Amino acid sequence: MEMKPMNKYEFLSRLRNALSALPNEERDAAMSYYEEFFSDAGEDNEKAVIASLGTPEELARSIISENTAENVKTETESNFGSNSSGGYGGFTPPPTPAQSAKKWTGGQIALFVVLAVFSAPFLLSVAAVLVSLIVAFFALIIGLMAGFGGGAIGLLVGGIAAMFDNPVVGIFLLGQSLILGGLIPLAVYPLCKAIFKLAKTCAKGISALFNRLTGRKEIIQ
Amino acid sequence: MAFPITSALLDALVLAVVAKEDTYGYKITQDIRVAVDVSESTLYPVLRRLQKEEVLETYDREFQGRNRRYYRVTNKGSAALELYREEWKLHRKKIEDIIFTQGEEHTYNGDEANE
Numbered sequence: 427m428e429m430k431p432m433n434k435y436e437f438l439s440r441l442r443n444a445l446s447a448l449p450n451e452e453r454d455a456a457m458s459y460y461e462e463f464f465s466d467a468g469e470d471n472e473k474a475v476i477a478s479l480g481t482p483e484e485l486a487r488s489i490i491s492e493n494t495a496e497n498v499k500t501e502t503e504s505n506f507g508s509n510s511s512g513g514y515g516g517f518t519p520p521p522t523p524a525q526s527a528k529k530w531t532g533g534q535i536a537l538f539v540v541l542a543v544f545s546a547p548f549l550l551s552v553a554a555v556l557v558s559l560i561v562a563f564f565a566l567i568i569g570l571m572a573g574f575g576g577g578a579i580g581l582l583v584g585g586i587a588a589m590f591d592n593p594v595v596g597i598f599l600l601g602q603s604l605i606l607g608g609l610i611p612l613a614v615y616p617l618c619k620a621i622f623k624l625a626k627t628c629a630k631g632i633s634a635l636f637n638r639l640t641g642r643k644e645i646i647q
Numbered sequence: 093m094a095f096p097i098t099s100a101l102l103d104a105l106v107l108a109v110v111a112k113e114d115t116y117g118y119k120i121t122q123d124i125r126v127a128v129d130v131s132e133s134t135l136y137p138v139l140r141r142l143q144k145e146e147v148l149e150t151y152d153r154e155f156q157g158r159n160r161r162y163y164r165v166t167n168k169g170s171a172a173l174e175l176y177r178e179e180w181k182l183h184r185k186k187i188e189d190i191i192f193t194q195g196e197e198h199t200y201n202g203d204e205a206n207e
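These protein sequences, in sequence, are chains Z and V.
All residue numbers for the first sequence refer to my numbering, where the first residue is 427 and numbers rise by one.
All residue numbers for the second sequence refer to my numbering, where the first residue is 93 and numbers rise by one.
These are calculated hints, taken from the structure and not from any lab test.
Model, not experiment: these values are computed from the prediction.
Here are a few chain Z residues that sit away from chain V, every Cβ distance over 12 Å (derived from the structure):
id	residue
1	Ser446
2	Ala546
3	Lys623
Derived BS3-like pairs (lysine-lysine); straight-line CA-CA distance at most 27 Å:
id	chain 1	residue 1	chain 2	residue 2
4	V	Lys119	Z	Lys434
5	Z	Lys473	V	Lys119
6	Z	Lys619	Z	Lys630
7	V	Lys181	V	Lys112
8	V	Lys119	V	Lys144
9	V	Lys112	V	Lys185
Glycine is no exception: its CB is placed at the ideal position from the N, C-alpha and C atoms.
With the hints as constraints, model all of the structure from the sequences given.
And the structure:
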């Protein structure tokens, strides 16, 4: 807050300074409007007017933003068409202040590179663990398949060989082999499903971690 | 203020106030602040824009030894105001049709609702 109350002359001179970005014509128009505004409000209301207008700098910002918004608008389309018929009317939303596009500065890029380099050992070990996990799971699947498959083939060969000696035993062994063979997809399918689910969860977790890392970085800026 | 005012509605209010009689910035601000809660700093940019859009024009008169700038509605401005009035009637009817037709007890007795 201001230490001592401003009078209208101080207010107007600060407003003039704050409006220096505007073309002369625009600035003079705004200045004469507010000079008049103070005169019409009267000396008794001077303090109230100053209080309700906000700081001269805030007031200048609203004048300037409307001025630039208007320049952009007249280039495209106006509320009021070139003649009274047609497009005019409707309830247009209030103009929003121009939003500056989010752009990465050189400093931010440099910071990101430094972060990437320093976090590399950590990320590398995470990647190594993931790769070895994947390899282990595949080995498990292949092992299971080989075990069941080998058993099935053994029983099949044994069964065929036994056929000549004792057909009943042979058929029994063949049946066993078929059961074992059938177990392979039965055992491998849920396992594959479980592994894929695990992999998906891991991927989600990692992307969430990355989002948090990048999110935090933006807050630091 | 429960219902925020849009820039189009503010344009319509300014046009209507000036259409009643040629008037000046401070007076326009006070007249509009009777109805809607806009800050005193809101009106200048609106007046300036309406001037550029040629729905308002200004002329200067001497008042108590100083200059006072009066605003007046142009022909284009009168047409614009008429359109705003039509739009507003339509808008008001749509809103009121919903707001006042919840149940028998709350039936709105305005002209529009009695058709």
